[in-house]
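S.K.: Just need the whole structure built from these sequences, with the hints factored in.
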Amino acid sequence: MPRCAVLAAITIRDIKKTQGNHASQDKDISSSQALQVEEHPLSNVTQVEESTPIQTPQVQEPSLSTIEECLREIDRLKSVIHEKDKQIDELKSKHNFGVHSIKNSDDMVKVYTGLSSYSLFSWLFDEVKEPAKNMTYYRGENSNTDKQYQVNNKNKPGPKRKLLLEDELLILLIKLRHNLNVDLIAAMFNVSTSLISVTITTWLSLLALELKPLIYWPPREELLRWYPDCFKRYGDNVCAVIDASEVQTERPSMTNINSILYSNYKQRHTFKVLVACTPGGSISFISEAAGGDMSDVELVRKS
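The sequence shown: position 200 = 200 (UniProt numbering), numbered continuously.
Honestly, the hints are just simulated from the structure, not real lab data. Note that the Cβ used here is the ideal one computed from N, Cα and C, for glycine as well. Heads up, a few of these hints could be off.
DEER-style ranges, computed between Cβ atoms [to be verified]:
| hint | residue 1 | residue 2 | range |
| --- | --- | --- | --- |
| 1 | P131 | S282 | 15 to 25 Å |
| 2 | E130 | R76 | 17 to 27 Å |
| 3 | E298 | C277 | 43 to 53 Å |
| 4 | A187 | L224 | 21 to 31 Å |
| 5 | H82 | R268 | 45 to 55 Å |
| 6 | A187 | Y234 | 42 to 52 Å |
| 7 | D126 | N256 | 39 to 49 Å |
| 8 | Q267 | S117 | 30 to 40 Å |
| 9 | L224 | N134 | 34 to 44 Å |
| 10 | D85 | S282 | 35 to 45 Å |
| 11 | A240 | H82 | 45 to 55 Å |
| 12 | K266 | L77 | 56 to 66 Å |
| 13 | I257 | L77 | 55 to 65 Å |
| 14 | T255 | E298 | 18 to 28 Å |
M.R.: This is how it looks when you write it as structure tokens:
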């Protein structure tokens with residue numbers, strides 16, 4: 001090979017080797033710079049976190065007077081809401097028949113309920129108002145068990161009553177006084193027939209339970225204190241006036257019950273109770289109910 005060609009080849013090889021070394025050095029420098037760039041932000045963040053901790057906002061606790069003032073305001077708002085709900089219920093009831101329709105006339109109260117005046121109706125309502133607030137409406141045998149809210153004396157949960165408690169008492173008294181059909185009573189109060197049936201059944205049990213202490217046999221001293229003049233011709237020995245009271249009932253489907261309830265005297269199915277009244281006019285005794293086929297004499301003997 002000619003000498004010039006050999007020299008040219010060596011020169012080209014050295015140039016390539018030199019370029020390769022420079023490229024490797026540049027690559028190492030770039031990698032080192034990149035590493036430094038990546039390390040610097042992390043170190044800066046670490047330094048910032050260590051030097052400047054996060055500041056949390058300080059919440060100032062309210063004073064005792066502020067808390068008491070808020071509680072008083074809550075109670076006031078609750079009472080306002082209660083009054084507004086009561087006014088809404090009264091406005092709704094005015095569009096239908098109810099106690100508000102007859103309370104201004106004692107004659108109308110007597111016609112519908114048999115009670116002599118609205119004041120007497122109010123007294124009766126006040127006697128049963130508190131237990132009526134949390135009573136369970138009769139919807140089967142399970143209704144007789146005490147509910148948790150009744151045991152703890154809490155307000156009755158669930159939706160609001162469609163009728164005022166006074167109107168529910170009025171419904172029962174109308175039924176007892178006139179024995180109107182439940183459909184007619186439902187139309188009067190603009191509610192469903194089922195609600196009228198449940199109301200009558202529930203309130204009848206409630207009154208029987210709450211007013212039972214009013215029926216008692218008074219001592220002789222109390223009888224003489226209210227002894228009427230018309231009985232004095234019999235001396236002071238009259239303790240009670242007794243009579244059997246019969247109430248008509250539906251014809252039962254069972255044959256044996258049908259024969260027990262059928263009264264030959266009334267010519268219909270009834271049940272009867274023995275009622276005793278004091279000379280002053282208060283009821284002092286009511287016997288257990290018996291079938292209409294039992295005679296009055298037998299009822300007195302078994303009572």
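S.K.: Decide, hint by hint, whether the structure agrees.
M.R.: Hint by hint, here is what the structure shows:
1. P131 with S282: 15 to 25 Å: 23 Å, holds
2. E130 with R76: 17 to 27 Å: Since the Cβ atoms of E130 and R76 sit about 24 Å apart, the hinted range of 17 to 27 Å holds.
3. E298 with C277: 43 to 53 Å: At roughly 21 Å between Cβ atoms, C277 and E298 fall outside 43 to 53 Å, so the hint is violated.
4. A187 with L224: 21 to 31 Å: 50 Å, violated
5. H82 with R268: 45 to 55 Å: Holds - the Cβ-Cβ distance for H82 and R268, about 49 Å, lies within 45 to 55 Å.
6. A187 with Y234: 42 to 52 Å: Since A187 and Y234 have Cβ atoms about 49 Å apart, the given range 42 to 52 Å holds.
7. D126 with N256: 39 to 49 Å: 44 Å, holds
8. Q267 with S117: 30 to 40 Å: Holds: the Cβ-Cβ distance is about 37 Å, inside 30 to 40 Å.
9. L224 with N134: 34 to 44 Å: 41 Å, holds
10. D85 with S282: 35 to 45 Å: The hinted range 35 to 45 Å holds for D85 and S282, with Cβ atoms some 39 Å apart.
11. A240 with H82: 45 to 55 Å: 47 Å Cβ-Cβ, so the 45 to 55 Å window holds.
12. K266 with L77: 56 to 66 Å: Taking Cβ atoms as reference, K266 and L77 lie about 60 Å apart, which means the hint holds.
13. I257 with L77: 55 to 65 Å: 57 Å, holds
14. T255 with E298: 18 to 28 Å: 22 Å, holds
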